[in-house]
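Participant: Using my numbering, the first residue of the sequence shown is number 9, and each one after it goes up by one.
Worth flagging that the hints you see were computed from the coordinates, not collected in a lab. Predicted model only: the values in this text are computed from it and were never measured. No false leads were mixed into what you were given.
Pairs of lysine-lysine residues, derived as BS3-like cross-links and limited to a Cα-Cα distance of at most 30 Å, are as follows:
id, residue 1, residue 2
1, K958, K1025
2, K958, K1018
3, K1018, K416
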Amino acid sequence: MIAEPTVTSRSSVQNENLAVDTNPPGAVRHTVGGARNENREKSVRGKRRAREGSENAKRRHTKTTNGGLGRAQNSYPKRGDVEAVTLFEVVTMGRSAMQAVVDDWIEAYIADRDSALLDLVSFFIQCSGCKGLVTAEMFQSRKGDVMSKMVEELDECSGLQYKKFLAFPWILTVTWPMDMDSGEYPLTMTGPYWRRFRSEFCEFVSVLVTQCQYSVIFDSYLMDTVISLLTELSDSGVRAFRHTCTLAAMKLLSSLIGVAVSLTVSIENSQRLGEVERAKTSGRRNSTRLERIQRKVTELQDKRVEIENMMDAIFKGVFLKRYRDVLPDIRSVCMEELAIWMKLYSPVFLTDSYLKYMGWMMHDKLPDVRLKCVLGLQGLYGDPVLLPKLDLFNSRFKDRLISMTLDKDHEVAVQTLRLLTLISQSTDDVLTAEDYKQLFQLVYSSHRPLAVTAGELLYTRLICCPAETTDLGEGTSEHHIHTQLTADRVRALLHFYQDSGLHQHMVYLVDSLWDSASAMLKDWPSLTSLLLQDASTQGLCAGEQSLVIEVLVASVRQAVEGPLLAGRSTCKRIVIAREKKTQLDDCGRLTEHFLKFLPQLLTEYSGSPESAASLLKIPQYFHPDSSSAGSQQALAGLLSEMGAVVDLHTDPAVLEAAARSYLSLCGEETAWHSLARPARDTVVQCWVDRLAKLMGDALQDGNFTADEDRTGQMLSTLKKLTAFHNAQDLSGWGLYEQVSPLLSGNIQHGGLPAEVTVEALQCVSFSVLWNLNTSGENLTTRVNTDITEKAVAQRSKLRTLCEKCLHCLSHDNQRVKEQAFLSLCDVLTAHNYQVHVWEPSSYGPLLYTPDPKLTKALLAFILEHVFTGPECSSHSRGSNVESSEGRLEELHRRRNLLAAYCKLIVHGVLEMSMAAEVFMYYMKLFLRLKQEQDSGVACSLGVQTFSSIKELARRFSLTFGWDQTKSRESLALIHRDGIEFVFQGLVQKAERPSSPHLSYLTILSEFSSKLLRPDKKTVHSYLQRYVNEQTISNREECWLPLIQYRASLLATGTEGEDAASFVSSDSPKQPSLGDHSRSPTVRNSPTYDGDMKAPAVICSETKGRRSNRASSTSTSTSTSKEEKMPGVEPGTVFRETLPTKLISEEQYNTNEELDVDTVEVDL
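Kindly produce the complete structure, drawing on both the sequences and the hints.
Facilitator: This is the structure:
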């Protein structure tokens, strides 16, 4: 609907000729573009002197002959410029200029109201993006054929569109060229200029009502005409008219509410004056003044009644039709303004008769509409005065609000949870304990804003004021009271965590509570004091002590690293200077505190591997520049306790946490580097010496002869060295040479336990990986003898390790085989990096290339242990839970093995041809495992085969990319061959069954979205050759693939959705797609009895690309389509079935021409 920048002479002549042919004698024509029409000058020649102050009179002295939209597009008016321009241009010039022009318009209206009103009519039509001709004739006839002329038509021969409607006391006809319709209009256009236009357009309506509220607004002419105009245009099939005038009508009602509120205040003030006057004694009472006050009260009440009648007319004429419009923007405007009406004028609008619309639209399909409803309700529940009027709404729509916290749109879910938080703060009898239990679980949500909002609710309702508190006697110090209050809150948090029983990740719970309970979580002295108390006074069991330690460590991590958790989405934001300073201060405080108290905590909880592993993570977050960094005594005590804990435990979590903490403390940038590194070296040297002694005693004559005790010591020492070698480079201790003898063939057959073999493989592979990492940096420099010798030694180690791992692939133990396979994949992938950094001419002979025997062994391992190995059967386990967990672990194990093998192909270690076997088995196995994981039951072979093909087709369709032009020939060939395959040898008869290959059309529909629109029509025409009308209308289950495939070809966009919005409106003159008896009308739609039942017409919409061409649909065609679809609900939107008589610019045209840049594809 956007107009061209300038009006061509041909269009102007065409419009003038049209006006001469269509206008009755004496009619007034008004050009929306801004140029004054000759006939209109003749009709108002006698009123020229009275019209001097009007806008059109001022416009005659300007040189602006372009349309309003053309002027807006070509130049941006300055806000300070108050030059006389059209009303359309005024809306972008600011409030001061707007007020001046509105005042001038009021003066012109008083002088000649008909001419001024035509200016206002032109303004609204021009704001809709229409640049055409407005013709007005006085409504004088009362005959029945007048309403039949109120039509909206499209003349394809002349290329013109007509909109004829009644705006009392005129019959207005709007005419505009069809070729000027580009599918856009000011309210939908982007850019700062048009965003400002929307706000200024709404402001203009408000200023107009404000400036008229003491004068012409009560003349029973201005508002009647404006309301009639907006009501008719908001009921149009043209989206631009409907959207623009609905917005104007809603803002007009909001402005009228402001007038009604001011009248109410004046009435109350006058009534108080009357009461004061009547309270006087009879001698001092002034009867004349009292009568004058009473007359004023009566006059103000009559005005308020008149304003309320205007509001009621707008509500019934516009809101009740458009609040379920097919356009989401219109529905959003209606809901947003309804919330404003309820808040500003609650005596009239805050009733159950109006609240039900808000509740109904919370079921809307579009998230923006639901969001507007929730935001509006937040304003209502935030006012304590309005809460008593929301009781019925609470009882009817509480369940819907709770379910919306799981909305697929994150913003809707977050705002709904904030609304429920307001409800919980305002009243205690709306949400039950079960409701709170369901809402509290949202702290584990993957969307962080939703989890943070749930954490705020959890903290205010459950943790901030715990149910169980410790009684303290008089004279207790303030510090002790604070510590005890923190302990009580932590206990409440632990009880919630234990009662939920859903997740085992305390770090996510702490992250959710960080914004609302950071003061409690960062109270590390109180948490430490709670953990160091005696068991008799502590009141915590062993499990609760472990949870307190998890809270402590999670809060330390959150204070240092911030909300960066895997699996929890969060918006990107820049950390401001104040937040960064807060992080540095917290990091310094925790470093100072835990350097002193962490040794005590390690001593207290060193017996528990879980608690020790958690506490050993804390040194990783120490600040290297902390003021306590020079506390040598405290650091020495911490290192001593860490060494004792590591010597005591062999748990992988403890060893990993200790290795990372030593790595952090031994960094070159830390102040305690000189003290931490010798302590670490001492611990590692002790383990190396112990391992050397144990291996010397155990390896004799090529056999492993150690007893069970010595084997256990060797295994624990290997675990510690492996864990530390994974995090730090321990190549200086020669672990490769010391551990590799354990992997020789004779030792393997001599009784070496499988656990020792696994740890030896890991330790040796880590040694090779560290050598590759350090040598990769040195080998990029110039060639010299020393570097060449190191490269040869490295190649020898790599070949030896690969041979040992290849030998271990045939081991009897499954863990040994898997570890050997993973070690091979890791070292070969790391070695591949050197292929890209070395010079082939200098170091080509030094590179290691896997031999064919090794590559075949790797492929055989994948085929045996990933695709064709023993499967995890649900019959082999005792319970459903165990079988489900077992299948999940088995799936993860296979995925890890397959990922390691695929890395070799991706990085070029193996040839791409090696992936053929992987693709052969991947879809067959993993889709079935995924289906079993989701459903919990084994899938049948038939379902598995069909779903695999359908999934493969979906993935294959994605390979065609976004450029549909390049692949259109291939896609057309796929559809042609598929249709011929399905219908081969099938004769369409009523008594014959369907094709046995008909289900293949479901697979073929996966490629429909990649077709261009012209190709979709061509393929659909090709499909019509094989099916007849009787087959298409068949709704049996066997024909569902054909129905689905045909629908995928006809899904061309949102054609007809504007026409469908006609059906959803309440106008009795518009045909419905369903039963007319069920279609609501203006007279029966609004109910004021407080009923909260759902409306009969459900708001719906279609998705896709809009059409920019208009077309017409005959009455007979639409009627025949309606007859073929019995039982259609009223107001439902269809892509093919369109209403008749009322023509939209977006109706589906089966004869639409192809785009200029596309050609037909011959099937």
